[in-house]
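A.B. asks: Sequences listed follow chains A and B, in order.
Counting along the first sequence from 1, when you hit position 42 you're at 42 in my numbering, and nothing is skipped either side.
Counting along the second sequence from 1, when you hit position 96 you're at 96 in my numbering, and nothing is skipped either side.
Since the hints were made in silico from the structure, they are not lab data.
Honestly, I wouldn't trust all of these hints.
Here are the simulated EDC-like pairs of lysine to aspartate or glutamate, each with C-alpha atoms no more than 16 Å apart in a straight line [stated by the list, open to error]:
1) B/8 x A/31
2) A/8 x B/107
3) B/8 x A/56
Away from chain A, derived, C-beta distances all over 12 Å, residues of chain B [as the list claims (entries may be wrong)]:
4) 5
5) 8
6) 23
7) 24
8) 69
9) 81
10) 89
11) 92
Every residue, glycine too, gets a C-beta built ideally from N, C-alpha and C.
Next come the chains, spelled out residue by residue.
There are 2 protein chains.
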Amino acid sequence: MERIPILKMGDCLLVTIQVDMHDRLAMTLQEDLTARVVETRARGVLIDISALDIVDSFIGRMLGYIAAMARVLDARTVLVGMRPSVAITLVELGLELPGVNTALNVERGMEMIRGAIAGNGRPAGNGKGNRQA
Amino acid sequence: MERIPILKMGDCLLVTIQVDMHDRLAMTLQEDLTARVVETRARGVLIDISALDIVDSFIGRMLGYIAAMARVLDARTVLVGMRPSVAITLVELGLELPGVNTALNVERGMEMIRGAIAGNGRPAGNGKGNRQA
Numbered sequence: 001m002e003r004i005p006i007l008k009m010g011d012c013l014l015v016t017i018q019v020d021m022h023d024r025l026a027m028t029l030q031e032d033l034t035a036r037v038v039e040t041r042a043r044g045v046l047i048d049i050s051a052l053d054i055v056d057s058f059i060g061r062m063l064g065y066i067a068a069m070a071r072v073l074d075a076r077t078v079l080v081g082m083r084p085s086v087a088i089t090l091v092e093l094g095l096e097l098p099g100v101n102t103a104l105n106v107e108r109g110m111e112m113i114r115g116a117i118a119g120n121g122r123p124a125g126n127g128k129g130n131r132q133a
Numbered sequence: 001m002e003r004i005p006i007l008k009m010g011d012c013l014l015v016t017i018q019v020d021m022h023d024r025l026a027m028t029l030q031e032d033l034t035a036r037v038v039e040t041r042a043r044g045v046l047i048d049i050s051a052l053d054i055v056d057s058f059i060g061r062m063l064g065y066i067a068a069m070a071r072v073l074d075a076r077t078v079l080v081g082m083r084p085s086v087a088i089t090l091v092e093l094g095l096e097l098p099g100v101n102t103a104l105n106v107e108r109g110m111e112m113i114r115g116a117i118a119g120n121g122r123p124a125g126n127g128k129g130n131r132q133a
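Work the whole structure out from these sequences, hints included.
C.D. replies: Structure (structure tokens):
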């Protein structure tokens, strides 16, 4: 399995990360995702990490890059399904995923994206000092 | 990664199969999925196989079991994202996935499930001689 599938659901794209990420897979995901955002005119990207036991600095950086790339293509990225242990480790490691929005699950993530599109502002809980538009 | 994540979206559960299935993983998926159907009262199960290069008799049987289990729990199963090459191989191998409904992508699969719930019948294209309720 050399690619992570990207599923289109309405205005959003959904990616479920289930396998160990390595450089090439991360690059492929970034390329595929940016291409799909343009192709489908998606307004949001949901990344489900509920299968991940650990989010290290490599994955953290990759998520940050994806969020930044999506942002310049006018799509919001929301990270969903983070395990409690992952949240603890992230903060302990000082990886607070700047610029990445989070939601408890896919449904809330999708609501967040829809709210942001409707309000034409950024999703709530950004934590990067963005003002509401 | 010892589990395949199951995402809840409205009335449906979504499973993306990305890793090679083996006995234990298939068993875990069946148990998790049936538990989640009951817990969330889901009416549909979407299984995305767009990452699979091949669907052999083992996976075919597993999908059939999942569909049958979901059916007795009053949930419809729709297989989405099948690659053309997989469809060719399935037919050549004589595995025509009886009892499993298919749709081109997640959106169409979800429409199929919603249509079936609204009509209170079974999704179209079942091919198992079920009459409309």
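A.B. asks: The structure should be examined with respect to each hint, and the outcome stated for every one.
C.D. replies: Evaluated hints:
1. This hinted pair does not check out: residue 8 of chain B and residue 31 of chain A have alpha carbons roughly 27 Å apart, beyond 16 Å.
2. For the suggested pair residue 8 of chain A and residue 107 of chain B, the alpha carbons sit about 7 Å apart, so the restraint of at most 16 Å is met.
3. Distance restraint check for residue 8 of chain B and residue 56 of chain A: the Cα-Cα separation of roughly 26 Å exceeds the 16 Å cut-off, and the hinted pair is therefore not satisfied.
4. A Cβ of chain A approaches the Cβ of residue 5 of chain B within 12 Å, the least distance being about 4 Å, so the stated non-interface status is violated.
5. The beta carbon of residue 8 of chain B is not kept farther than 12 Å from every beta carbon of chain A, the shortest such distance being approximately 7 Å.
6. With a least beta-carbon separation of about 18 Å from chain A, residue 23 of chain B lies farther than 12 Å from that chain, consistent with its non-interface assignment.
7. Separation of residue 24 of chain B from chain A is adequate, the least Cβ-Cβ distance of about 16 Å exceeding the 12 Å criterion.
8. Chain A leaves residue 69 of chain B outside its interface by the beta-carbon criterion, the shortest separation being 22 Å against a cut-off of 12 Å.
9. Remark: the non-interface label on residue 81 of chain B conflicts with the geometry, its nearest Cβ contact in chain A lying 7 Å away (cut-off 12 Å).
10. The beta carbon of residue 89 of chain B is kept farther than 12 Å from every beta carbon of chain A, the shortest such distance being approximately 16 Å.
11. At roughly 22 Å, the least C-beta separation between residue 92 of chain B and chain A is larger than 12 Å, which holds for a residue marked as non-interface.
Checked against the numbered hints above, the structure breaks hints 1, 3, 4, 5, 9 and satisfies the rest.
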